[in-house]
Amino acid sequence: MTTTLSRTEQAWQLLEGLSDPEIPVVTLRELGILREVREHPEGLHVVITPTYSGCPAMGQIEDDVKATLANAGLQATVITQLAPAWTTDWMSEAAREKLRAYGIAPPHACAHEKTGAASVVQFAARTATPEAVPCPQCGSGNTTETSHFGSTACKALYRCLDCMEPFDYFKPY
Amino acid sequence: MNAPIDYLLQLADNAVILGQRNAEWCGHAPVLEEDMALANNSLDLIGQARLLYQHAATLIGGDASEDTLAYFRDVPDFKNYTLCELPHLPLMSATACGDRDFATTIARNFLYSALMVLVWDRLQGSADAQLAAIADKSLKETRYHLRHARDWLLRLGDGTETSHQRMQAAIDALLPYTSEFWASCPQEQAAQANGSGTDVAALRTDWNTIVDAALQEATLTRPADSAFLPTGKQGLHSEHLGFVLAEMQSLSRQHPGATW
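Protein chains in written order, with the working numbering: chain A, 1 to 173; chain B, 174 to 433.
Keep in mind that the hints were calculated from the coordinates and are not lab data.
Note that the structure is a prediction, hence the values are computed from the model and not measured.
Note that beta-carbon positions come from the ideal geometry of N, C-alpha and C, so glycine has one too.
You may find that some hints are simply not true.
[Unchecked claim] Here are the simulated distance ranges between beta carbons: (1) A/Ala72 x B/Thr268: 25 to 33 Å; (2) B/Ala419 x A/Arg38: 40 to 48 Å; (3) A/Ser92 x B/Ser266: 55 to 63 Å; (4) B/Gly332 x A/Arg159: 19 to 27 Å.
[Claimed, not checked] If you want a taste of the chain B side facing chain A, the calculated C-beta under 10 Å gives, among others: (5) Ala188; (6) Val204; (7) Glu206; (8) Met209; (9) Asn213; (10) Leu216; (11) Asp247; (12) Pro263; (13) Ala305; (14) Ile307.
Go ahead and model the full structure; you've got the sequences and the hints to work with.
And the structure:
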């Protein structure tokens, strides 16, 4: 059935089945971790980019990519590329909707000013209005941050003050 | 254009040593949320250190790897700021025992991340493309670290009488160690000369702005500058680093090449 597909197309199709080990509802492609599949004389080159520098899922992701392609008889080398730096802004609208349905509030767009500390100072000043993160269960905007850091590097812990449910917020990065 | 190896090691050593220190709170933090916050903070720092060590190892070549650099160098080889290696305790000798002091942790994370948001921001334009890429990622993470430390600085500084007094004591103890940020050293000069580094002394005004605004909001007083000048980035460390390395490196040295 895939005889008409090129090797790269076949690889993309296979890799589409791979999801993030920590967030199984979104695929690696939708998260923006899977960047590119290139033809190379010695086999395919699959380019991935890490999310957080220390994300422990990256090793698993690399293994998953290799195993999936190897099972289909495709020889591939996984290349980790840092630039351009991964950002949550790459996440598609469909992926955001899947996160919400799964119970994780999707990330807001990243602040765009480029200066190092400016956004932080504004961020944390008492006078600043905290960013509103709607509850993924009931949709209420009446939520509060429990902790900047949650169960994985990419998430913060929130609580809804209307339905009282705790939830994860995928932080803008 | 590649960054000087010692410059990459300085950046990596800062991250790995502070990451190791903050990880000491894992399982011991005052509340569960802080346990996770500090573990996440360490995860980011150790992740940054790994990327920097990998880059340095590639430049060194031969058998060098992130592991040889992290686990098989000794105290004088480490180029981290002395600030990063100090225990989470009011100043005392390295063999002394005491309860970990959360205010010390917060003060250090605040002073360090206030510097690093500025450094990473500049290093995004490094002539070393790999370092620029690492800086781009690290900046995003360090912003969250600064936000976390700054929030606690405010909460504790402008909190109860006890929390204020302890936060003030931590700032008084640690702020003198920041003088090392601004004193230039050979690897920083070399990095600046080939366009891979940045002039850290030029960031001092911006750093002062971040620090002074936060201290003021936290009702804390900034101690006067002193003549004290630590020399960690030149490899001349306090007595504390040896204890950090002993814990961090013991497994690798007893079981070289061990894997999970």
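Right, here's what the structure says about each hint:
1. A/Ala72 x B/Thr268: 25 to 33 Å: About 58 Å separates the Cβ atoms of A/Ala72 and B/Thr268, which means 25 to 33 Å is violated.
2. B/Ala419 x A/Arg38: 40 to 48 Å: 45 Å, holds
3. A/Ser92 x B/Ser266: 55 to 63 Å: 56 Å, holds
4. B/Gly332 x A/Arg159: 19 to 27 Å: 22 Å, holds
5. Ala188: 9 Å, holds
6. Val204: 9 Å, holds
7. Glu206: Interface hint status for B/Glu206: holds (4 Å vs cutoff 10 Å).
8. Met209: Because about 5 Å separates B/Met209 from the closest Cβ in chain A, which is inside the 10 Å limit, the hint holds.
9. Asn213: With a closest approach of 4 Å, the B/Asn213 hint holds.
10. Leu216: Given a least distance of 4 Å, the restraint on B/Leu216 holds.
11. Asp247: 25 Å, violated
12. Pro263: 26 Å, violated
13. Ala305: At about 7 Å, which falls below the 10 Å cut-off, the nearest Cβ of chain A leaves the hint on B/Ala305 intact, so it holds.
14. Ile307: Hint on B/Ile307: holds, closest Cβ of chain A at ~6 Å, below 10 Å.
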